[in-house]
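Asker: Here is how the chains run, residue by residue.
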Amino acid sequence: MQRRLTLLLAVLALAVVGLLPLVAMVVTSVFVSGKLTLAIYTKLLSNPLQYWIALGHSLTLATLSAVCATPLGVALGLLFGKTDLPFRRTLTVLLGIPLLLPPYVLAICWFNLLASGGLLAQGAPVQLAGLLSHALYGLPGCWWVMVSALAPAVMILTLVSLHAIDPRLEEAGRLVARWPVVLYRITLPLVLPGILFGGLLVFLLTLGEVGVPVFLRYPVYAVETLTQFSAFYDFGAATAAAMPLLLVTLLMLTLERRFLRAKVYNLRPSTPGRRMLRVPLGRWRIPAFLSVSLLGAVMVVLPIAALVVASLSPFAYWEAWRQAASSLGRSLVLAATGATLLMLLGFFCGYLIRTRTMRLWRALDTLTLLLFTLPGTVIGMGLIALWNRPGTAFVYASAAMVILAYLAQYIALTSRITVATLFNVPQSLEEAAQIAGAPWLARIRHIVVPVGLPGLVGGWLIGFIFCMRDLGASMLVYPPGQETLSVRILTLMANGTPSLISALCVMLVAVALSALGLLGLFFRTAAPRR
Amino acid sequence: MGLLLLVVIVAIAGMVWTASRRNGNVVVVYVSEDQVFSEPILKDFERDSGMRVLAVYDTEETKSAGVVNRLIAEKANPQADVYWANEPIRAEVLRQQGVSSVYRSPSAEGIPDQFREPHGYWTGFSARARMLIVANGSVDKPGSVLAYTDPRFRGKTVIANPLFGTTTAHMAALFTVWGDERANAFLDAMRRNDVHLASSNGDSADQVAAGNFEFALVDSDDVYNRRKQGRPVEGIYPDQEGGGLGCFIVPNAVLLVKDSPHPQAGKKLIDYLLSPATEKKLANSDAAQIPLHPGVETPVDIRRLETLKVMSVDYAQVAAKMQAIQPLLKDWAGR
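The listed protein sequences correspond, in order, to chains A and B. Each residue of the first sequence is one higher than the one before, starting from 1 at the first, in my numbering. Each residue of the second sequence is one higher than the one before, starting from 1 at the first, in my numbering.
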């Protein structure tokens with residue numbers, strides 16, 4: 001009873017936060033001048049060939065990005081989480097930095113580096129500089145920016161999943177096989193849900209990305225939704241334009257479910273105090289370290305260096321602080337609050353999906369992913385339609401709208417991370433406690449959460465990062481005078497000095513890293529010794 | 001559990017606090033003019049009036065749906081008092097959507113009728129001119145927008161995406177002045193002359209400054225800022241000769257939101273924005289905008305309105321035409 005009630009409340013919360021705004025927007029797309037009509041959709045289907053070409057471009061970019069970012073992220077996660085690679089903690093932080101920035105800002109960093117007149121062009125041979133400058137635009141440039149922006153997400157998800165593995169399974173495997181076989185036959189299958197979600201994340205985020213393709217001149221379908229807003233002020237058409245993206249999401253979800261359905265996860269409980277087994281790299285230790293360092297230098301150091309160099313002008317940081325100190329503080333509070341509520345709601349949604357306690361678990365999982373794929377502008381408009389009423393003015397006029405935007409857009413992250421985490425929390429633990437008479441919430445609090453804590457903390461971190469850098473729905477619903485740092489960076493970009501914008505971006509990265517570092521310190525000192 | 005309770009309490013307290021900031025001596029303004037230019041003006045208003053200004057700023061249209069959509073979405077329960085548009089087309093769209101109300105500010109005295117909505121739904125001030133940015137040292141310099149179709153410049157020109165911003169308005173203006181047939185022919189000729197598309201006016205200006213193209217059609221502040229950065233470019237006001245089309249002028253526009261929560265405060269802000277003092281500040285800032293009030297002191301390198309041949313347009317017609325030609329521009333941009 002306690003379980004059903006709590007999970008039902010979570011479902012209702014998600015319905016209010018996510019489903020109702022979506023319904024509000026769908027209604028605007030099928031009701032024109034008060035009449036029910038599918039005219040907007042039939043017009044969409046009869047669109048000229050170039051729209052379908054743009055959809056093809058979007059699918060190509062998303063697929064290429066996912067195909068490259070996923071194995072890269074998994075490889076990095078394995079190296080940092082399972083081996084004795086030197087300086088792996090430092091390298092984890094370094095390679096995670098691109099995730100802290102909106103992809104559009106990364107595109108600007110690469111533009112500052114590679115465009116004709118950019119930093120590299122000034123030192124490199126002319127032909128090489130020309131080649132790099134040419135490659136920056138179109139599919140190659142977009143692919144590279146999205147891979148460098150999103151591979152860290154897969155890396156973090158892999159790390160989180162690795163921490164949840166019972167080391168005794170690998171120990172047993174090591175008795176009869178070498179490490180490569182153990183990794184391939186035991187470790188990777190156990191972290192597969194996390195990896196699959198990482199790949200899905202990269203695909204969906206790239207599918208919905210607008211800023212990078214527009215800046216690097218690659219025509220993609222997501223711009224269609226934006227154009228309907230920016231050029232036509234047509235909310236119904238913008239919602240209809242988002243539908244093909246949702247159909248693609250449904251297809252990907254179906255494929256993922258079919259793939260995971262064949263896998264069985266039936267684990268023995270993990271023993272407290274056991275540390276994760278590490279693979280000794282032996283003679284590969286230094287080459288691996290050098291390779292990862294080179295990757296870090298290319299993927300992270302170069303573009304961030306371009307950002308830092310661009311920010312190096314007298315008083316840039318002082319001016320950035322003066323302009324954005326309040327936005328910075330606000331961003332931290334909103335991101336922390338958003339991440340906490342995302343993890344709270346996401347935990348119960350993920351629990352429902354994993355345990356299939358209610359028959360609507362499939363619908364819940366589908367809804368969260370559809371919301372994740374939906375352009376932020378559509379969600380934002382839906383939130384305005386729902387909450388901008390005299391009776392709910394106390395909500396609409398407040399920063400709660402930003403939190404609602406975060407919850408609607410990113411609930412899939414925390415619910416799916418919870419699902420992946422719970423795959424490695426044996427249900428027998430809960431069952432044993434249930435037999436002993438422990439109420440459900442007590443079982444959750446004293447068994448599920450402690451055992452799954454690394455995954456849940458990882459989920460909070462991912463939620464925090466995405467909230468901190470959000471530029472979608474929150475841009476439409478933040479209260480006047482209460483913009484976040486990411487929004488402020490974007491609004492100042494129009495004719496703001498490059499040094500000021502770069503300084504603001506460096507601040508965003510530095511503050512987010514510091515906040516995450518403090519959190520990491522807190523959990524290291526406060527967590528029970530294993 | 002304690003941490004959770006703390007989060008909930010902080011969240012509720014934050015909610016109540018942010019909502020309460022709308023009470024009292026405040027004015028809420030949504031702004032499409034670049035924040036780096038508009039924010040100092042609004043801060044000055046705060047200082048001079050004692051009112052608190054709560055602002056929502058816009059981004060470039062290629063990055064978000066924009067504050068105009070927010071205003072339209074909030075129409076049933078407006079949150080803003082004033083909208084400061086960076087072009088009159090957006091103000092016209094809002095008038096057509098029933099978002100604005102009539103207010104004839106005494107500060108508008110002296111602003112030419114061409115830059116005011118006849119019934120008082122919006123008023124223009126501090127304008128940009130659409131100009132040609134040309135790389136220094138160019139042998140052939142364009143003197144007209146028709147240079148985009150000149151074979152001498154084939155493959156050497158760039159223009160911002162005509163689906164967004166002032167380029168859209170400029171195209172619509174050409175359609176209203178030339179008629180559909182001639183304007184369509186112009187677009188086709190541009191394509192045949194291999195014009196390149198950039199993501200924005202700023203991008204176009206940067207491309208010319210980098211020497212990638214001979215010229216681009218941009219806003220006057222794009223030219224001014226690149227010159228201030230020391231980039232090797234100059235600006236040309238197009239079509240100034242006798243019989244020429246004239247230069248398309250894009251004024252800012254300000255309107256009072258219908259049923260706004262603080263209408264009196266909104267009117268005070270509008271009066272402030274339309275004043276010659278504000279126009280002088282915007283002329284002397286990096287915005288480099290042309291005052292519409294006669295006799296306002298401007299820097300040496302900003303032409304006064306009365307010295308320019310201005311394209312004669314009806315902004316209401318331009319707004320209507322802009323929406324009508326969107327499918328055509330979409331098709332043209334996609335080719």
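Treat each hint with caution, since some may be false.
As the list claims (entries may be wrong) - Using 20 Å as the maximum straight-line C-alpha spacing, the simulated SDA-like pairs for lysine to any residue come out as follows:
(1) K156/B <-> G130/A
(2) K330/B <-> L49/A
(3) K75/B <-> T392/A
(4) K228/B <-> P314/A
(5) K281/B <-> K75/B
(6) K156/B <-> Y137/A
Stated by the list, open to error - Short derived list, chain A residues pointing at chain B, Cβ under 10 Å:
(7) C68
(8) A115
(9) P167
(10) V214
(11) V223
(12) G380
(13) P480
As the list claims (entries may be wrong) - Anything over 10 Å on all C-beta distances counts as not near chain B; from chain A, calculated:
(14) T37
(15) S293
(16) G437
(17) L492
No lab work stands behind these hints, which were simulated from the structure alone. The model shown is predicted, which means the values in this text are computed figures rather than measured ones. Ideal Cβ placement from N, Cα and C applies to all residues, glycine included.
Asker: Hint by hint, say whether it matches the structure.
Answerer: How the hints compare with the structure:
1. K156/B <-> G130/A: 17 Å, holds
2. K330/B <-> L49/A: 12 Å, holds
3. K75/B <-> T392/A: 15 Å, holds
4. K228/B <-> P314/A: Holds, at about 17 Å.
5. K281/B <-> K75/B: Since the Cα atoms of K281/B and K75/B sit roughly 32 Å apart, the hinted pair is violated (cutoff 20 Å).
6. K156/B <-> Y137/A: Holds - the C-alpha atoms of Y137/A and K156/B are around 18 Å apart, at most 20 Å.
7. C68: 25 Å, violated
8. A115: With Cβ-Cβ at 8 Å, under 10 Å, it holds.
9. P167: At about 29 Å, which exceeds the 10 Å cut-off, the nearest Cβ of chain B leaves the hint on P167/A violated.
10. V214: 5 Å, holds
11. V223: The hint holds - V223/A has a Cβ within 10 Å of chain B, the shortest such distance being about 8 Å.
12. G380: Check passed: Cβ of G380/A comes within 7 Å of chain B, closer than 10 Å.
13. P480: 4 Å, holds
14. T37: At roughly 19 Å from the nearest Cβ of chain B, T37/A sits farther out than 10 Å, so the non-interface label holds.
15. S293: 33 Å, holds
16. G437: Answer for G437/A: holds, closest chain B Cβ roughly 21 Å.
17. L492: Non-interface label on L492/A violated, nearest chain B Cβ at 6 Å vs cutoff 10 Å.
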